[in-house]
Amino acid sequence: MTATSAGSGPGAIARPSSAARTRARSRRKATPSWVKSVLMWTSIAAIVLFCLFPIYWIVNTSLKAGADLSRGALWPDNPTLRNYRSVLNDGDFLLALRNSAIVATTTTVLSLFVGSFAAYALARLRFPRKALLLGIVLSISTFPVIAIAAPLFKLWTDIGLYDAEYGLGLIIPNLVFTLPLTIFILTSFFREIPRELEEAALVDGATRVQSFTKVVLPLAAPGLVTAALLVFFAAWNEFLFAITLTSTPEARTVPAAIAFFTGSVKFEAPLGTISAASVIVMVPLVVLVLVFQKRIVAGLTAGAVKG
Amino acid sequence: MTSITPTQATVPPRPKRSGGGSFGRSDRRLAGILLSPALALIALVAAYPIFYAIWLSLNEYSVRVPGLQRFAGADNYREAIGPSFWDAFGNTMLFTGVSVALELVIGLAMAVAMHSAFKGRGLLRATVLVPWATITAVTAITWRSIFEPGLGFAPQVLEKIGIAEDVIWLGENGYAMAVLILADVWKTAPFMALLLLAGLQVIPEDVYEAAKVDGATTWQRFLRITIPLLIPAILVALIFRTLDALRIFDLPKVLTDGSNGTNVLSLLAYQELTDNRLIGLGAALSVLTFVIVMVVSFLYIRFVGGNIKTLAED
Numbered sequence: 003m004t005a006t007s008a009g010s011g012p013g014a015i016a017r018p019s020s021a022a023r024t025r026a027r028s029r030r031k032a033t034p035s036w037v038k039s040v041l042m043w044t045s046i047a048a049i050v051l052f053c054l055f056p057i058y059w060i061v062n063t064s065l066k067a068g069a070d071l072s073r074g075a076l077w078p079d080n081p082t083l084r085n086y087r088s089v090l091n092d093g094d095f096l097l098a099l100r101n102s103a104i105v106a107t108t109t110t111v112l113s114l115f116v117g118s119f120a121a122y123a124l125a126r127l128r129f130p131r132k133a134l135l136l137g138i139v140l141s142i143s144t145f146p147v148i149a150i151a152a153p154l155f156k157l158w159t160d161i162g163l164y165d166a167e168y169g170l171g172l173i174i175p176n177l178v179f180t181l182p183l184t185i186f187i188l189t190s191f192f193r194e195i196p197r198e199l200e201e202a203a204l205v206d207g208a209t210r211v212q213s214f215t216k217v218v219l220p221l222a223a224p225g226l227v228t229a230a231l232l233v234f235f236a237a238w239n240e241f242l243f244a245i246t247l248t249s250t251p252e253a254r255t256v257p258a259a260i261a262f263f264t265g266s267v268k269f270e271a272p273l274g275t276i277s278a279a280s281v282i283v284m285v286p287l288v289v290l291v292l293v294f295q296k297r298i299v300a301g302l303t304a305g306a307v308k309g
Numbered sequence: 010m011t012s013i014t015p016t017q018a019t020v021p022p023r024p025k026r027s028g029g030g031s032f033g034r035s036d037r038r039l040a041g042i043l044l045s046p047a048l049a050l051i052a053l054v055a056a057y058p059i060f061y062a063i064w065l066s067l068n069e070y071s072v073r074v075p076g077l078q079r080f081a082g083a084d085n086y087r088e089a090i091g092p093s094f095w096d097a098f099g100n101t102m103l104f105t106g107v108s109v110a111l112e113l114v115i116g117l118a119m120a121v122a123m124h125s126a127f128k129g130r131g132l133l134r135a136t137v138l139v140p141w142a143t144i145t146a147v148t149a150i151t152w153r154s155i156f157e158p159g160l161g162f163a164p165q166v167l168e169k170i171g172i173a174e175d176v177i178w179l180g181e182n183g184y185a186m187a188v189l190i191l192a193d194v195w196k197t198a199p200f201m202a203l204l205l206l207a208g209l210q211v212i213p214e215d216v217y218e219a220a221k222v223d224g225a226t227t228w229q230r231f232l233r234i235t236i237p238l239l240i241p242a243i244l245v246a247l248i249f250r251t252l253d254a255l256r257i258f259d260l261p262k263v264l265t266d267g268s269n270g271t272n273v274l275s276l277l278a279y280q281e282l283t284d285n286r287l288i289g290l291g292a293a294l295s296v297l298t299f300v301i302v303m304v305v306s307f308l309y310i311r312f313v314g315g316n317i318k319t320l321a322e323d
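Chains as they are written, first to last, in my numbering: chain A, 3 to 309; chain B, 10 to 323.
With the rest of the complex left out, here is chain A (with noise of 0.2 Å):
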């Protein structure tokens, strides 16, 4: 606020703050507002382009083949679905959809379970040493996940669950991301629940479990929609784990796939099916994306805002 003052000049005593509300763009020197509109919409214009060609790219380069593909031009002279179906005939790629839903999934059900709990602990109970115990948790999402992953590799071997069948050995590893990420949304929207209400429960003789599982929850529902689309997509994105603990199809998740996929020496130059491949992978986020953008929004800037 102290910057204000320093920018409005001799004419701060008189600011009368009713003429705030009017919104007017007709004051003096404004900029003509068809300059506005033009500056406005060619901004618009350039977002919208530098976020979506590569996509269109992607597609245009996944609807080749053959001669299409060898000159690589804006669109294709004929589109086909060729490469889609191929790759919907390769078995690997299928098991690693299969196992990427397996694994999403499940982290997602974990996080939000065991997160939960302790986003209330930090957001509602009082106990000593509560910062620094979120210090640890916030310090832990941005461990270099390179650092545990030797290790991880070693304990797994040991204990059977290096290359598990369905991608199952990469569920705990996942959680070590999802769980801080989980955490930090969930306190800051429990915070948002009045704790009145809560009292009022306790009051009327609910325990302190009913009181969360009755009154705190139901009312947190949309931070826990927000959390659950916030660490499905960072275990379906994961892939550091994805290519250290795994090493077959069967249980491979699809970054890892699709980053092996390259490797693979096919009749056909990759180009084609590993865009069709990129695609398929990106449909669902993308509807996802839509449908709950609001929400997803709400949990990236949770806390944020807060500054």
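Source of the hints: derived by calculation from the structure; they are not laboratory data. One or more hints might be untrue.
[What the hints assert, rightly or not] Stretch by stretch, here's where chain B covers chain A in the computed footprint (C-beta under 8 Å, at least three residues):
hint, stretch
1, 66-79
2, 118-126
3, 232-241
We put the beta carbon where it would ideally sit given N, CA and C, even for glycine.
Since the structure of chain A is provided, determine the placement of chain B on it from the hints.
Chain B in isolation, oriented as in the chain A frame:
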């Protein structure tokens, strides 16, 4: 868990709790129960492996005979801190510095544009989320195909304009790093934009109106109002992004596999661990990466530590 708060003695045995004041001991016990599963998991998969990694890095392991090992002290570290380490260190710092700076500038521009766009805001928000939602392996594939020599969009356009003709983008030092940075900026500038947009939206409109009445130009309002009031949001975004960029792994792994001047710390450690099967050396490199990230994160958290405190208090 052992320290005693003054309120503890005043807690009545069981009956109805009154209002907000005194949850004392039951609070603490419940907190312990609720936190223990999360903490146990974090201890199992984060804390324990870190210590194990340190132990691994102090030993030497035979490549030929599995299980054969001997204590090597700091040997691995002495070997690790060589030319390839400094190379990866430099690349990581270059990547982090340039990509985070670009993301901040582009993200800020996007946030301001989104904030002033009254009509297409929902559409813009969805658009901007698409790169963020694209999985990193796919991002790498996409940008590789855009810069594919001869076939990609970028080399074709650049050749027409007459810039950087005959460059194999992913095959040359410097150029490969440029593509790596571009791909990262594409994926994460939108994330930055959303964080900053949230910051912009909490700046009260009155402040701008008042400045307008006083005759401040658009640019002055941006520099004197928007930026200072946005500083907290900018700092948070910078912390997130810097720590993320320092440990970058998947993007260079899929894009270039660390070749042509794009090898970064995490990737170097990974190569020693898996490709060369040098567990001790790889562990030493990953511990070094860990220490570097922790030092930066410690500095940041000290710098803006208030954030965590305000979240923990209230």
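Exercise. Confirm or reject the coverage of the stretch 232-241 of chain A by chain B under the rule of 3 or more residues with a beta carbon closer than 8 Å to the chain's beta carbons.
Key: Coverage by chain B holds here, the residue count being 4 at a Cβ distance below 8 Å.
Practice problem: Check, residue by residue, whether the stretch 66-79 of chain A contains three or more positions whose beta-carbon lies closer than 8 Å to a beta-carbon of chain B, and give the verdict. | Solution: Coverage by chain B holds here, the residue count being 5 at a Cβ distance below 8 Å.
Quiz item: Checking C-beta pairs, does the stretch 118-126 of chain A have three or more residues closer than 8 Å to chain B?
Solution: Contact hint for the stretch 118-126 of chain A vs chain B: holds, 5 residues under 8 Å.
Of the numbered hints stated above, none is contradicted by the structure.
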